[in-house]
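Which chain is which? The protein sequence lines are F and Y, in order.
Going by the working numbering, the letters in the first sequence line up with residues 10 to 566, in that order.
Going by the working numbering, the letters in the second sequence line up with residues 2 to 309, in that order.
Check each hint, because a few of them may be wrong.
[Unchecked claim] To be clear about the criterion: a stretch of chain Y counts as covered by chain F if any three or more of its residues have a C-beta under 8 Å from a C-beta of chain F, and this derived list gives those stretches:
no., segment
1, 88-95
2, 104-116
[Said to hold, decoys possible] The following residues of chain F were derived to be distant from chain Y, with all beta-carbon distances above 10 Å:
no., residue
3, Glu46
4, Asp66
5, Val131
6, Ala249
7, Ala252
8, His299
9, Arg302
10, Pro365
11, Asp411
[Stated by the list, open to error] Chain Y is faced by these chain F residues, among others (derived, beta-carbon under 8 Å):
no., residue
12, Leu65
13, Gln67
14, Glu261
15, Arg271
16, Arg275
Since the hints were derived computationally from the structure, they do not count as laboratory data.
Glycine included, C-beta positions come from ideal geometry on N, C-alpha and C.
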Amino acid sequence: MTGIFDAYQTRPNTFDEMFTESGETRAAYAGVRRQVEHLAPSDVRTRADYLSHTYLDQGVTFDIGGEERPFPVDIVPRLIDNQAWSVVDAGVAQRVRALEAFLADIYGEGQVFNDGVIPRSVVTSSPHFLRAAKGINPPAGVRVHVSGIDLIRDAKGDFRVLEDNVRIPSGVSYVMTNRRAMSAALPEAFAHHRIRPVTQYPGKLLAALRACAPSGAGAGDPTVVVLSPGSYNAAYFEHALLARLMGVRLVEGRDLVAQAGRVSVRTTNGLVPVHVIYRRVDDDFLDPVHFKRDSVLGVPGLLNAARRGNVTIANAVGNGVADDKLVYTYVPDLIRYYLAQEPILPNVDTWRMEDPEHREQVLDRLGELVVKPVDGAGGKGIVIGPRATQQELDALRARLLDDPRGWIAQPVVQLSTVPTLIGDQLAPRHVDLRPFAINDGDKVWVLPGGLTRVALPEGELIVNSSQGGGSKDTWVLAPEPGDPVRTAEQAHDASVLHPAHRTARAAALREGGTTDEPASESTMVSTQSQSQSQSQSGSQTQSQSQSSGAPSDGGIR
Amino acid sequence: MLSRIAESLFWIGRYVERAEATARILDVHLQVLVEDPVLDRDAACRSLLAAMAVEWEGPADVADVLRVLLSDAQSPSAIAYALSMARDNARRSREIVSTELWEALNTTHLLVANGQLGRMRPSDAFRLVRERTNMIAALANSTQSHDDGWQFIKLGGMIERVDMTARMILMTTYGTGSAASWQVTLRACGASHAFTRAYRGSESPRAAAEFLLQDRLFPRSVSFALAEVATCLDRLDPKARRIGFSGDAKRIVGQALARLEYRSISELLGDVRGEMEQLQRVGVQATEAVSKRYFEGAIPPEWLRGGS
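Just chain Y, with the same shape it has in the complex (with noise of 0.2 Å):
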């Protein structure tokens, strides 16, 4: 596998879970925004704005949400840039992108394009960018062969996947942490009826908290996402050494795993801030050590960013 292309496919992976994440995330909080009476808009605003990493001053309200998280494909964070730049990526590596991959990811930006996300009920947006997201990642698993250019969309889908859901529970202890929060962050995550199906019915914080971080099954829990980077990284370099790991990423990959795997929930919680900037800096290390092994020699376009 070419490095550049390597990296193309890793990049697809990354913007699609990106913008599926974020689809869901704003989903969510829009209908807090209506539901919840005595919120502080403005503050509500803010604090996602912050958690998706966007520096922002003075006073914020939902369309400069809508605008700068959705529809504004000159804003690095908004879901238009991130399909734009997935489907950018598909484009240089066509001739290993299937057919209908490309067609997908070409067609998705093209009815995103000019800021027409913008123009659309968000709810409509947000159920496009979805559906739009699910049907590129489910032809990206059919209609391409499981070898390493494969393993590379994945490994980019997983690490961001580990990225946003952290950001999801930072989101979380902006506000009040209650019940009633995480239950916002359940939602967000598309864990709702997984998470009341596990539990049944208990709402503490603790227990979303630990579905959320630990659960083994659930596809979105960030020790489910960083199993199978850690997958990932085995199937691309299988040599199996004696001691240690072979490459950078697996060590740090690895280590996360086992904080998170061999420490209780409740000292996870003592500082749930941490453990979760932690986790982001643990994506943006592993992405580190993944371009120096395979994507060396490629020329580092804009998205360097990507990982912060």
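Bound conformation, chain F alone (with noise of 0.2 Å):
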């Protein structure tokens, strides 16, 4: 009997999350692939088919234009086993910290700008800094409250974060829809496996959203909304399917009123007081006293009785400036100015093009790199430059040169692959994913999976649902008997310097000495990824070498 994986051939130079490079099969797809090849091609078919019936019936859809779509999902789903998580795990949450001094700080004192690590025109001249949220003091001290990190698996299989979403990051709904969906499609799989559940999402969100509601709110008994622009959103299902696992009111603009900064909600029976916004309305359109005037998504007001301390919202005003790509190239260097510790996710080598030097390596090579616009969302406006024609180029290289704030660009990474249903046969499609962390202000919780989104089209690096793309269910295995053991709090346990601390330890390092505490205090899983992480500022030899030798039909997203 052929199998269905038989004709399976893997890109060259990419990394395959299922098969090696000398075609076997890896230790933890091992019983999917038997699964698998259990059924006959016309079976899996079938299966596929149930999956798509199933999102078009229960309405699982995102907008595109007005039409609803149903979020396409692969039927062989990606495994991560247990090891390769914790790296994840642990280096997700560091992030998070990270990302949360550094909001923190630059709202408030701003001694990052003093330390030097990040010049201050970097973050003032981001579109996202809100000068609007300076002095807003976050209940629980948390401005982060979802966040979804990006990452990618290069061609040696090592995750790197991509980008960081810490503003209104969706698709969390599709983690648990997902698996939902999966269990029924492909129930003997899932009987051979350990997976670990990711049914505690929404419960682990409340948790959160009401640990950080204002002291004294609601005599200890907060009222947390879900605040959404309306059923045209693209991502009106997810806003609707977390309102309904938590229990909790899905509420538009238009139903909340903020009056002498309070914020309540109109019910049929007047007004009732809410305590925290879990919004899932952007920055520009929350408060058209502050904002956007002239929308009507968000409720006016909102934003001084955030100020007042009355009301929680989730995520923070302002977290945009986190997310800008500009800044991403300096989240290294954040993690070792707060937390003193060595990343444990490396970024993706990126260059400056605001740094005149980069800008002249750049310029010169601009056809075999990916440039990105830092503002930029959803694959947009991204040129990859094996691809780009001369014509297209000669614009990029003008646009750049008109505002080199504006971009960044990246050498070609490969994302890895992971077979695919194409048609009737199993193709590799590139991958990225999409981890979702809670912080309720005293841990980050890490939801074991996260989103893998794949690109459909043959070959295609952005991975995107605006572009086309579809989904997997990620399934991260239970720890074997045998894995080393663990514990989350040794990677997690990562205290923000103290303030003074942080200053000195700055400064020594600005002196090229090093500073007396460890550089990293996490243990076992941090130590592999330590040796191939770098330090963006002073990696551009390295970059440089890494780029030249990157095959040229690859692309980010």
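Taking the hints as your guide, dock the two standalone chains into a single complex.
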């Protein structure tokens, strides 16, 4: 009998998550391979069709231009073993802590500027740096309640951070619905794996939101709502699902009233106070008093209520500055500065176009690199050098010179591939991973799984639902007997340095000396990644040598 | 309960009931056209359109009727439109509507979207709509908590039922008003069997009218539906007053119920058309009063015409 995987061809210079270069099945996937191979090819197709049908019936959709479409989910799951996951888990939590500290700092004292870690101009010139958010002290000190850190696996199979999403990251609803749908479509494979569950997410989210309520709110029983732009928003399904699973109200701007520094919701029995708003509305539309005046999606006066400490806005207003792709290039330094640790997850090497030296190098080899706008989302505006025409490159060159602050460049990184059902055949398709983290002010918890997005067109490296992407159920395997035991606390317990300590450390580092505390407190998992992580600012030579060796048919989102 | 959600739930109730009643009316109407060889088809189609408040000029045939009242999702009187609006309202209240109710509304909408009802045999289409709407109503009953939200769904459904039953009786008056045409109305209301059992074979128009207007046990009679509306309003606002009513809607519905119950059937039959138009106004006024009392603040979307 010929198996459905027999004709599968991995792509050159690409890490395939299921098969090694010599064609062996990686251990984690052995069970899945066996179970899928037991099925006739037509049966595989039937089950894949079941997946798309059930999503249509349940209304598991996202909107493109006002049209609801089911979010495609592939029949072959993506597996991540416990070892690899513990790196992701620790790395994401570390990053979130550093970004929290960074946001608190720049909307407060701005010590990071004085210590010369990141230029003040980088932050103040970001369109998402909101002066209106200065001086708002979020309850429990949390600004990044929910984050989605986008990761890719490079040609060696190492996870790297592609971008941070600490504004209103979306996609977690598909993590939960994918799991439910897959357990019905491929029950055999489920039964043969110990998969870490994803169902705790809504409970964790609600607990975190309640923990971050203003003190004394609702006599210890704070009211939480989910704020959505409405049913025509692309992610409306997700907003409704989260509200439903948390058992809280899903509101739109017009349902809320801000009066005298307090926020209430209109009900059939009059106004009821609201204490925590998990908002899924962009900053710009949140409060017409401060931002877009003609917005009808938000609530006039909301920001004043937050400033008075009467309502928690999650995620906090002004977080977008941490998503800025130019700020991204400084995150490894921010981790060292705030946490006194080496980054567990390295960035993708990046050139800053506003740096004259970087700019010159990039302009010389524009055709080999990927150039991205710093505030773009969803793959918009990205130019993949090797695929661009001379004309496009010339136009790009002019735009770069015109607005260097607006662009970064990266080597073409090959995203890893996972077998994906295309027609009746399995073929390698590029994937990324968005793990979701929740911060309750005490602990950063990372959902074991996350959203694996698949670029469905062959060779496509832009992995985004608005660009015709699909998804995979992501199985994080529970530890096997014999796996090294590592408690979460070891890696999570990165406390933020005291400001005075930061300054001293930064000064010492500038002098070229070392400080007396150990570079990293996390054990085992971070040792391996430490050797691969590198300083962004100091990695120029290395980036070059790496990127010149990069294959030309790649790209990144 | 959020005002906006309450409004959505109310309209889910109305649209689902409207789809079912429209399917019943169309079904019986088409049977009559087939069975009665001397009927003026053009006039019959036009009177049906008139009863359903569709403005129509020129001749009308069965195909027109089916398009406007059944399959054309752009036609506000069509079943396809009602079902897609019900689904739309459910989508806006996703965190309140139970998963099962939502899936039933969603899959029903998918079945009838894109003019698919028009490609089915009409009798199959009517059966599908009747079965799906009854399933939806049953799921609302058995999977939603019977809290305020459920009361709003029911309130909408019952107000719509008053309106549609009044339309069906109105349609009888467009014909000869004979015993045969009352039989048609009884069938359209799904009342034929219950009526026969209650009146043991009497087929007088008077008995039929009495049954459809005043019977307290038959769930599609006007007085039954009005009494249910009154109960819903009581549950939503239980504050008892020594004098009068606390809400406009209760007063409007109470008056209509009293008018129906305390008048003789001869009086009612004296001006059936006027009485039925009066009942439809009750539906509109009660809806306005409910909106004012409970939905204030919600932006009125395009279904304001819903009451007329």
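Is the shortest C-beta separation between Leu65(F) and chain Y less than 8 Å?
7 Å, holds
10 Å cut-off, C-beta based - Val131(F) kept clear of every residue in chain Y:
40 Å, holds
Status of Glu46(F), Cβ more than 10 Å from any chain Y Cβ
Its Cβ never comes within 10 Å of chain Y, the nearest being 33 Å, so this holds.
Restraint check, 8 Å cut-off on beta carbons, for Arg275(F) near chain Y
5 Å, holds
Beyond 10 Å from each Cβ of chain Y, as asserted for Arg302(F)
Arg302(F) clear of chain Y: closest Cβ-Cβ about 19 Å, beyond 10 Å.
Would you settle whether the hint for Arg271(F) is holds or violated, based on the nearest Cβ-Cβ distance to chain Y being less than 8 Å?
Interface hint status for Arg271(F): violated (17 Å vs cutoff 8 Å).
If you look at each residue in the segment 88-95 of chain Y, do at least three have a Cβ nearer than 8 Å to any Cβ of chain F?
holds (count 4)
Separation of Ala249(F) from chain Y, once the least beta-carbon distance is taken, above 10 Å:
Ala249(F) not clear of chain Y: closest Cβ-Cβ about 3 Å, inside 10 Å.
Within the segment 104-116 of chain Y, is the number of residues with a Cβ closer than 8 Å to a Cβ of chain F three or more?
holds (count 4)
Far enough from chain Y: is every CB of that chain over 10 Å from the CB of His299(F)?
At about 23 Å from chain Y, His299(F) clears the 10 Å cut-off, so the statement holds.
Please check whether the beta-carbon of Ala252(F) is more than 10 Å away from every beta-carbon in chain Y.
4 Å, violated
Claimed clearance of chain Y by Pro365(F), with the beta carbon kept past 10 Å
At about 52 Å from chain Y, Pro365(F) clears the 10 Å cut-off, so the statement holds.
The structure does not agree with the numbered hints 4, 6, 7 and 15 stated previously, though it agrees with the rest.
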